[in-house]
Amino acid sequence: QKEVEQNSGPLSVPEGAIASLNCTYSDRGSQSFFWYRQYSGKSPELIMSIYSNGDKEDGRFTAQLNKASQYVSLLIRDSQPSDSATYLCAVNMRQAGTALIFGKGTTLSVSS
Amino acid sequence: DVKVTQSSRYLVKRTGEKVFLECVQDMDHENMFWYRQDPGLGLRLIYFSYDVKMKEKGDIPEGYSVSREKKERFSLILESASTNQTSMYLCASSSPGEGGSQYFGPGTRLLVL
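So the protein sequences, as listed, match chains U and Y.
The first sequence begins at 1 in this note's numbering and counts up by one.
The second sequence begins at 1 in this note's numbering and counts up by one.
One should not assume that every hint holds.
DSS-like cross-link-like pairs, simulated, lysine-lysine; straight-line CA separation at most 27 Å [to be verified]:
| # | chain 1 | residue 1 | chain 2 | residue 2 |
| --- | --- | --- | --- | --- |
| 1 | U | 67 | U | 104 |
| 2 | Y | 55 | U | 2 |
| 3 | U | 104 | Y | 70 |
| 4 | U | 2 | Y | 13 |
| 5 | U | 56 | Y | 55 |
I should point out that these hints are in silico values taken from the structure, not numbers from a laboratory.
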């Protein structure tokens with residue numbers, strides 16, 4: 001079973017707020033976790049990767065991983081209207097080999 | 001920076017035509033992938049390749065074939081296009097040394113009439 005689950009949204013936040021995006025996955029042995037941002041009509045763009053439990057920060061973005069709970073999240077601080085996009089969670093599962101398993105994405109809308 | 005390019009941004013084809021979609025990456029990546037993306041269905045893996053002349057079926061290979069004659073180039077072939085193959089097609093590449101992170105091309109929006 002290869003599943004990555006995300007709430008489809010839309011998630012609406014005001015400008016300047018923290019947006020929290022969540023993802024769960026089925027394979028407890030998964031090792032690599034990624035967040036992609038996809039603007040409407042465009043291709044996915046890699047914005048964060050995380051491989052070990054805890055937090056990883058990059059600018060306004062923080063990825064959080066909890067392997068025991070099979071849970072990965074993305075926090076966006078000081079959200080901007082330009083952050084409005086669909087965010088895809090992707091997991092490298094053992095049973096998938098080199099392929100990533102993608103969630104269906106959460107649509108984020110940041111209002112000014 | 002990794003650059004993945006796709007031969008066309010938009011294509012319009014007729015039912016029954018043979019369609020070629022090409023993808024080229026310039027980072028010497030071993031792995032290359034073809035996905036289709038449809039509203040509500042997310043990204044679905046069609047085929048992938050981990051080496052020249054090697055290919056593996058993904059989740060939805062029916063109606064498609066692939067070719068990888070050179071490391072940098074991965075082609076997706078629709079043998080006889082059908083209307084249900086109207087979709088956004090995305091190519092990606094990755095290197096085993098980067099934990100599996102994939103880099104996507106700009107996509108080809110295919111309309112089959």
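Now for the hints, and whether the structure bears them out:
{"no.": "1", "hint": "67/U with 104/U", "result": "holds, 20 Å"}
{"no.": "2", "hint": "55/Y with 2/U", "result": "holds, 20 Å"}
{"no.": "3", "hint": "104/U with 70/Y", "result": "violated, 32 Å"}
{"no.": "4", "hint": "2/U with 13/Y", "result": "violated, 34 Å"}
{"no.": "5", "hint": "56/U with 55/Y", "result": "violated, 34 Å"}
In summary, the numbered hints that this structure violates are 3, 4, 5.
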